[in-house]
Amino acid sequence: MKTTVSMTVNGTPHRYEVEPRLLLVHYVRELCGLTGTHVGCDTSQCGACTVHLDGQAVKSCTLFAVQCEGAQVATIESMAKDGQLHPIQEGFWEKHGLQCGFCTPGMIMSAAQLLERNPKPSEMEIRHWLEGNLCRCTGYHNIVKAIQWAAEKMAAR
Amino acid sequence: MATARLLGSSIKRREDPRFITGKGNYTDDVKLPGMTYAVFVRSPHAHARIKAIRTDAARKRAGVVAVFTGKDMAGVNSLPCGWDLRKEKNIPGVVQDLAMVPHMPLASDVARHVGDPVAVVIADSQEAATDAAEQVAVDWEVLPAVTATDGAAASGAPQIHAGAPGNVAFKWELGGGDVAGAFKQAAVVVKKRIVNQRLIANAMEPRACVARYEDATGELTLWVTSQNPHVHRLLMCAFVLGIPEHKVRVIAPDVGGGFGSKIFLYNEEVVCSWASRHIKRPIRWTATRREAYLTDAQGRDHVTDAELALAKDGKILGLKVATTANLGAYLSTFAPAVPTFLYGTLLNGVYTIGAIHCQVTGVFTNTTPVDAYRGAGRPEACYVLERMVDAGAAALNMDPAELRRKNFIPPFSGAFQTLVAVAYDSGNYGRAFDRLLEMLDYKKFRAEQAEARKQGRHLGIGFSTYIEACSIAPSKVVGALGAGAGLYESGKVRVHPTGMVTVYTGSHSHGQGHETTFAQLVADELQIPIEQVEVVHGDTGAIPFGMGTYGSRSASVGGTALLMSVNKVKEKGKRIAAHLLEAAPSDIEYANGQFQVRGAPGKAVPFGAVALTAYVPHNYPDGLEPGLEETSFYDPANFCFPFGAHACIAEVEPETGQVTILRYLAVDDVGNVINPMIVDGMVHGGIAQGVGQALWEGAVYDAGSGQLVTGSMMDYALPKADMLPSYETDRTETPTPVNPLGIKGAGETGTIAATPAVVNAVVDALGIDHIEAMPLTPERVWTAARAATSRK
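Protein chains in written order, with the working numbering: chain D, 1 to 157; chain H, 1 to 792.
Warning: the hint list may mix true and false statements.
[Unchecked claim] For lysine-lysine, the following DSS-like pairs were computed, each having C-alpha atoms within a straight-line distance of at most 30 Å:
#1 H:476 with H:87
#2 D:145 with H:191
#3 D:153 with D:120
#4 H:720 with D:153
#5 D:153 with H:312
#6 D:153 with H:12
#7 H:720 with D:120
#8 H:12 with D:120
#9 H:191 with H:171
#10 D:2 with H:60
#11 D:120 with H:23
#12 H:406 with H:191
#13 D:145 with H:184
#14 H:23 with D:81
#15 H:31 with D:2
#16 D:2 with H:280
#17 H:31 with D:81
#18 H:192 with H:443
#19 H:12 with H:23
#20 D:145 with H:23
#21 H:171 with D:145
#22 D:81 with H:12
#23 H:476 with H:568
#24 H:312 with H:184
[As the list claims (entries may be wrong)] Listed next, with one range per pair, are the computed distances between beta-carbon atoms:
#25 D:153 with H:726: 18 to 28 Å
#26 D:66 with H:59: 23 to 33 Å
#27 D:21 with H:441: 37 to 47 Å
#28 D:66 with H:163: 47 to 57 Å
No lab work stands behind these hints, which were simulated from the structure alone.
Just so it is clear, CB atoms sit at the ideal spot from N, CA and C, and this is done for glycine as well.
Based on the sequences and whatever the hints tell you, model everything.
This is how it looks when you write it as structure tokens:
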């Protein structure tokens, strides 16, 4: 029943025997040992599991690992480079964009995609973009500010 | 070594680097060798007799380690209810004793709500456990179910517990003043039915636990999503499993939000702890979101008939409240306290009221148990009062701002005795309201509103001038009211030989930022750099004891315990320094991070040198113990009473029932503030939850089948970023005299205040005086708008 799935996660090749029903998020969390990607729901609403699959932000609870054979996956653990936080990570820290921290990795991965596609989003564009990421702590106020902060910092570079 | 004052400054959170890099350590991240995985078999029916459970097929499957049912758990007791309401205990206000119905970890006779667990399957992998759980066969005899709050106690309703005839859990009352007289002299009496619908907390991290029993030592370690790990340990050891408390370590690591739902002792953590002792392997259980919807204790669920008596000039003469509170299928850990002592005691609000009477009937239904959800009783009280005040203003054709101002309790500090048992600590309600009106430019808004109405646009404004009781709680008081536990907090300060400091708090952070705020507090008091201070929480193996985090108590109660320990450290340090400086201890003062002779700052020993001396006591006072570590327990003398004024400006489209929030403003007074950025963040999140209740959220049970219709994030409408505005917030600061920090508590204000502000705004926009039920879905708003038009 098991099948072999290989993929590159955060630049490191991985190869595991998995059940066909294994979700990408569990491949990343349980097999690769990267627990920064979280599972907050079972209906693809909360977005805590957001990762980048071949450069596209996806909900990793909504894909089977077998669908990702040969893919390049980037998780929250890859965002800081050489000990330097990504500007979006900095923004969340600077603007208090997190409280319990559980939704944060998904928020950051989702925001990274937004700023890639739209480097100068308006407040409403940020809010609409975040429809697929739920936060129960912040009321979104400071998450919006964090992403605006990051956008400004990235524009200045 | 002077350091900038940290108290009152918005320093960035010290816990954030691990969260923003994906290095947090939540319960589901815990990996142990030999791990097994638990899946629970749950009732698909709201009410059903269990005729038989067949587990053979499940046991035979590959990878299955064990299958247990309730019958296997002989000797394990009911989950306890930690709040008693019985006349023989002299609990005030008890009209009918609380029915202490049993709540077994695995139901073996009758399942009483959808999701009630009846068996557990433990296997080598999550997949094997999931598959085997489907092979557990239960013979059900489906029984009729009741879910409605106002139908539970009706004659002919299905009976849920043998020990609770008529499904009544308790009857209780509270009040003061001449209620009959007040209503007799009223110019206007307003009567409204007010439904405060059931909510589901929806912390983003689902509940989870890992239980590891070590045969060699007899020790059990439980990692669990808990707001209060010591309470979990105590309840599990003393009441349910009867295992020795000192052999159990409970760790609540990073916890992804709680909002009350992670206070309580739940079936799954008890079953996994018990089962780990049997299979002698670690067990992990993580709720799916669907399980969270079915089993996390839910919130609110009141149906209230309220009457407000007013004089012609707008003075509030009297309030009568009759509430039915739905407790669900069982008594959750603190369930009876929520609709009684956390509810009735807040009905005085910020107003001078002539007389108040409140009666509450708690009922059982075939639904998930109800307990504290952010605010817990106080939002329900605030909603009743603030809704009635606006309805009263409408009846008198008076501006709701004017009616409020006319009735505010004048500024005071010390004590204001309410008619509903509690005495407020300090308040200046008019000041917060004035600030709000200033931020609003209220007169200008009313002009804009009138102008907009001419153009066919319906704008509305809603106020909420709330009060809440927090800093929970004086143990003697809550003991007299039925609490099974004290509600003090512990704080330990350990100074290491190098002058580094570890702080241990019994309160727990699951988003509140303790690692930052408590470090600010201790570093400031010791006048040392914050980098020298580390905060530890959430581990019964490290922390003396603790009551945990709820009721906005961490900074005020937990912080004061830490302050007491810091002061003890300083006192001992003075004796050590006096010896080193050859001075009298009474001549030593602590300033600028050093112990110095008063009036002679040149004669001084730095904090670090005193710490080293305490651990290398070669030159040391006779009779003084080595070491520099102090523990304190702080039990507050009273609750604290934060207050404030919120306003919502909304636009309503009567044709579609669509509500849009244009502005949301909040002025909160939570006493002194350690970290304004963190307090503002909690206010923001609270507002979102309060708005969520007003407009979108609500647990819906199908009346016939008892199925939870809103059992997923697709069906339960949580607030999303594009549904909410940015908030305009400010604070007034009226310190409490109750604790030396002057801190009242800030965790729940937004949730309490926001719901009535939003509903009042919609009511104002439509020019009506009430909408009975929330959330204000387009259908409800459209219906209310149509009814108003047809009346005109």
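Now for the hints, and whether the structure bears them out:
1. Among the hinted pairs, residue 476 of chain H with residue 87 of chain H is consistent with the structure: their alpha-carbon atoms are about 18 Å apart, no more than 30 Å.
2. With a C-alpha separation of about 44 Å, the suggested pairing of residue 145 of chain D with residue 191 of chain H is violated against the 30 Å cut-off.
3. For the hint pairing residue 153 of chain D with residue 120 of chain D, the CA-to-CA distance comes to about 11 Å; that is within 30 Å, so the pair holds.
4. Only pairs whose Cα atoms come within 30 Å are accepted, and residue 720 of chain H paired with residue 153 of chain D is accepted, the gap being roughly 26 Å.
5. Between residue 153 of chain D and residue 312 of chain H the CA atoms are separated by roughly 59 Å; this puts the pair beyond 30 Å, and the hint is violated.
6. Restraint check: the Cα-Cα separation between residue 153 of chain D and residue 12 of chain H comes to about 18 Å, which is no more than 30 Å; the hinted pair holds.
7. In summary, the hint linking residue 720 of chain H to residue 120 of chain D is supported, as the alpha carbons are separated by about 21 Å, within the 30 Å threshold.
8. Annotation: proposed proximity of residue 12 of chain H to residue 120 of chain D holds, straight-line Cα distance about 25 Å (limit 30 Å).
9. Distance hint between residue 191 of chain H and residue 171 of chain H is fulfilled; the C-alpha atoms sit about 22 Å from each other, no more than 30 Å.
10. About 21 Å separates the Cα atoms of residue 2 of chain D and residue 60 of chain H, which keeps this hinted pair within 30 Å; it holds.
11. Note on residue 120 of chain D and residue 23 of chain H: the hinted pairing holds, with a Cα-Cα distance of about 29 Å set against a maximum of 30 Å.
12. Taken as a hint, the residue 406 of chain H and residue 191 of chain H pair is honoured in the structure, with Cα atoms around 21 Å apart against an allowance of 30 Å.
13. About 54 Å separates the Cα atoms of residue 145 of chain D and residue 184 of chain H, which puts this hinted pair outside 30 Å; it is violated.
14. As the CA atoms of residue 23 of chain H and residue 81 of chain D are separated by approximately 15 Å, the hinted pair is consistent with the 30 Å bound.
15. The hinted pair formed by residue 31 of chain H and residue 2 of chain D meets the criterion: a straight-line CA distance of about 23 Å does not exceed 30 Å.
16. For the given pair, residue 2 of chain D sits about 29 Å from residue 280 of chain H by alpha-carbon distance, which is consistent with the 30 Å threshold.
17. For the given pair, residue 31 of chain H sits about 26 Å from residue 81 of chain D by alpha-carbon distance, which is consistent with the 30 Å threshold.
18. Among the hinted pairs, residue 192 of chain H with residue 443 of chain H is consistent with the structure: their alpha-carbon atoms are about 29 Å apart, no more than 30 Å.
19. Between residue 12 of chain H and residue 23 of chain H the alpha-carbon distance is near 18 Å, which keeps this suggested pair within the 30 Å criterion.
20. Restraint check for residue 145 of chain D and residue 23 of chain H: satisfied, since their Cα atoms lie roughly 23 Å apart, inside the 30 Å limit.
21. A distance of roughly 48 Å separates the Cα atoms of residue 171 of chain H and residue 145 of chain D; the hinted pair therefore is violated under the 30 Å criterion.
22. As the CA atoms of residue 81 of chain D and residue 12 of chain H are separated by approximately 21 Å, the hinted pair is consistent with the 30 Å bound.
23. Distance restraint check for residue 476 of chain H and residue 568 of chain H: the Cα-Cα separation of roughly 25 Å lies within the 30 Å cut-off, and the hinted pair is therefore satisfied.
24. Restraint check for residue 312 of chain H and residue 184 of chain H: satisfied, since their Cα atoms lie roughly 13 Å apart, inside the 30 Å limit.
25. Checked against the hint of 18 to 28 Å, the C-beta distance between residue 153 of chain D and residue 726 of chain H comes to roughly 20 Å, which is consistent with it.
26. Checked against the hint of 23 to 33 Å, the pair residue 66 of chain D and residue 59 of chain H passes, with Cβ atoms roughly 30 Å apart.
27. For the pair residue 21 of chain D and residue 441 of chain H, the supplied restraint of 37 to 47 Å is violated, since their beta-carbon distance comes to about 58 Å.
28. The hinted window of 47 to 57 Å between residue 66 of chain D and residue 163 of chain H holds, with their beta carbons roughly 52 Å apart.
The structure fails to meet hints 2, 5, 13, 21 and 27 from the earlier list, while all remaining hints are met.
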